[in-house]
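Going line by line, the protein sequences match chains A and B. Those letters in the first sequence? Residues 29 to 209, by our numbering. Those letters in the second sequence? Residues 29 to 214, by our numbering.
Hint data in this document are derived by calculation from the structure and do not stem from the laboratory. Check the hints yourself; a few may be wrong.
Using 27 Å as the maximum straight-line C-alpha spacing, the simulated DSS-like pairs for lysine-lysine come out as follows [said to hold, decoys possible]:
#1 A:K54 x B:K50
#2 A:K161 x A:K137
#3 B:K53 x A:K191
#4 B:K76 x A:K54
#5 A:K161 x A:K191
#6 B:K76 x A:K175
#7 B:K76 x A:K58
#8 A:K200 x A:K175
#9 B:K50 x A:K206
#10 A:K115 x A:K83
#11 B:K50 x A:K58
#12 A:K200 x B:K50
#13 B:K53 x A:K137
Listed below are the residues making up each chain.
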Amino acid sequence: MDDALILEKFADPSQRDEAFTLLLRKYQQKIYWHIRRMVIDHADADDLVQDVFIKVWKNLDKFREDSRLYTWIYRIATNECITFLNKKKQKQHVSLDDDSSAYLTDTLKDSAYFDGNRAQEKLQKALLTLPDKQRLVFNMKYFEDLKYDEISEILGTTVGGLKASYHIAVKKIEQYFKQED
Amino acid sequence: MKEFDDKNRQAGSGESTDRWNKILKENPFLVPAGYFDELETITRFRAKDIRLTHQNYPVPEGYFETLEDRILAQTQERKSRMTIRPAIQPATRPWFQPTWARWAAAACLLLIAGLFLTDRLRTDAESFNLSGISDQELINYLQVFSGTQDVIMLSEYANDVETVELRSDISSISSDEIESYLEFAW
Numbered sequence: 029m030d031d032a033l034i035l036e037k038f039a040d041p042s043q044r045d046e047a048f049t050l051l052l053r054k055y056q057q058k059i060y061w062h063i064r065r066m067v068i069d070h071a072d073a074d075d076l077v078q079d080v081f082i083k084v085w086k087n088l089d090k091f092r093e094d095s096r097l098y099t100w101i102y103r104i105a106t107n108e109c110i111t112f113l114n115k116k117k118q119k120q121h122v123s124l125d126d127d128s129s130a131y132l133t134d135t136l137k138d139s140a141y142f143d144g145n146r147a148q149e150k151l152q153k154a155l156l157t158l159p160d161k162q163r164l165v166f167n168m169k170y171f172e173d174l175k176y177d178e179i180s181e182i183l184g185t186t187v188g189g190l191k192a193s194y195h196i197a198v199k200k201i202e203q204y205f206k207q208e209d
Numbered sequence: 029m030k031e032f033d034d035k036n037r038q039a040g041s042g043e044s045t046d047r048w049n050k051i052l053k054e055n056p057f058l059v060p061a062g063y064f065d066e067l068e069t070i071t072r073f074r075a076k077d078i079r080l081t082h083q084n085y086p087v088p089e090g091y092f093e094t095l096e097d098r099i100l101a102q103t104q105e106r107k108s109r110m111t112i113r114p115a116i117q118p119a120t121r122p123w124f125q126p127t128w129a130r131w132a133a134a135a136c137l138l139l140i141a142g143l144f145l146t147d148r149l150r151t152d153a154e155s156f157n158l159s160g161i162s163d164q165e166l167i168n169y170l171q172v173f174s175g176t177q178d179v180i181m182l183s184e185y186a187n188d189v190e191t192v193e194l195r196s197d198i199s200s201i202s203s204d205e206i207e208s209y210l211e212f213a214w
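Assemble the whole structure, with the sequences as input and the hints as a guide.
Here you go:
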């Protein structure tokens with residue numbers, strides 16, 4: 029289903045419910061996994077993905093088509109993730125000097141819904157050594173196969189900045205793998 | 029991914045580049061069975077609830093357009109009342125304003141004071157009346173109207189009083205007077 033058609037239906041009050049259902053079916057899994065890779069825990073991701081779509085529902089009539097619908101939804105999801113992770117950091121009294129995502133290591137260990145093999149677990153642990161925003165860029169590029177210009181639209185960062193960020197993330201992960209071997 | 033390919037070659041696992049990347053790119057996270065069907069339903073319900081909260085509590089047509097004006101009008105009216113009539117109708121509450129709590133507190137105070145005074149007056153009256161009655165009269169009275177224990181106690185007490193009085197009398201008599209008394213008495 030084309031985004032333009034979803035928006036057209038949503039503009040008609042009699043088709044609003046149907047449009048929202050179509051939008052959910054199209055994006056809920058992508059947004060869930062985008063969030064889940066960032067917050068690790070399923071219950072947290074579940075809460076956040078619902079909040080994201082409630083915000084979409086409440087604000088879709090104000091959506092201005094100067095950006096693409098899916099990048100707009102991704103931006104809402106990303107903001108929710110960053111806000112959530114900052115709150116979690118504060119709750120866990122993580123030092124401001126520590127910009128890694130190591131505070132999520134226990135969440136990964138305790139997660140009942142993690143079934144990775146050794147290599148996948150190692151990669152996830154390596155990712156948790158990165159700062160949240162670097163991890164975000166890596167996830168979007170490597171796992172979600174988004175293009176730099178799409179990520180740039182979502183994060184409001186230049187393509188050059190994103191490439192540098194991704195490059196640094198990869199180097200750090202390699203370093204982690206070397207150290208662990 | 030080139031970097032991971034290099035890593036793979038260094039490890040000498042023999043797996044192809046694509047396969048190694050595929051393994052790493054595979055999603056290791058799981059969700060409960062049927063989760064995404066539930067998610068769609070839950071999210072739609074939550075979205076509808078938001079809309080229903082507005083629809084379930086309708087307000088008269090044009091309510092919100094006039095609400096601001098009406099609130100402002102009320103605050104203005106109140107302001108003018110407060111500024112015009114401050115001397116006639118002070119904002120403070122009257123000193124005496126009977127309420128249930130005040131009445132109850134007053135009743136309690138009266139009751140306590142009454143009990144205290146009654147007890148005190150009764151004690152004073154009894155001690156006053158008894159002071160004019162001799163011990164012997166009391167013993168006689170108690171022998172007729174009260175129990176044995178009272179009589180015994182009172183008798184003992186009366187004996188003590190007599191002993192004390194006798195001792196004080198003896199101390200005031202000189203030894204010569206006692207000797208002369210004994211000469212004539214024995």
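Hints and how they fare:
About 24 Å separates the Cα atoms of K54 of chain A and K50 of chain B, which keeps this hinted pair within 27 Å; it holds. The suggested pairing of K161 of chain A with K137 of chain A holds, with an alpha-carbon distance near 22 Å, which does not exceed 27 Å. Distance restraint check for K53 of chain B and K191 of chain A: the Cα-Cα separation of roughly 19 Å lies within the 27 Å cut-off, and the hinted pair is therefore satisfied. With a C-alpha separation of about 19 Å, the suggested pair K76 of chain B and K54 of chain A falls inside the 27 Å cut-off, and the hint holds.
Of the supplied pair hints, the one linking K161 of chain A and K191 of chain A holds, its CA atoms being roughly 13 Å apart against a limit of 27 Å. Restraint check: the Cα-Cα separation between K76 of chain B and K175 of chain A comes to about 34 Å, which exceeds 27 Å; the hinted pair is violated. Distance restraint check for K76 of chain B and K58 of chain A: the Cα-Cα separation of roughly 22 Å lies within the 27 Å cut-off, and the hinted pair is therefore satisfied. Simply put, K200 of chain A and K175 of chain A have alpha-carbon atoms about 21 Å apart, close enough for the 27 Å limit, and the pair holds.
Distance restraint check for K50 of chain B and K206 of chain A: the Cα-Cα separation of roughly 20 Å lies within the 27 Å cut-off, and the hinted pair is therefore satisfied. Simply put, K115 of chain A and K83 of chain A have alpha-carbon atoms about 19 Å apart, close enough for the 27 Å limit, and the pair holds. For the hint pairing K50 of chain B with K58 of chain A, the CA-to-CA distance comes to about 19 Å; that is within 27 Å, so the pair holds. Of the supplied pair hints, the one linking K200 of chain A and K50 of chain B holds, its CA atoms being roughly 20 Å apart against a limit of 27 Å.
For the suggested pair K53 of chain B and K137 of chain A, the alpha carbons sit about 19 Å apart, so the restraint of at most 27 Å is met.
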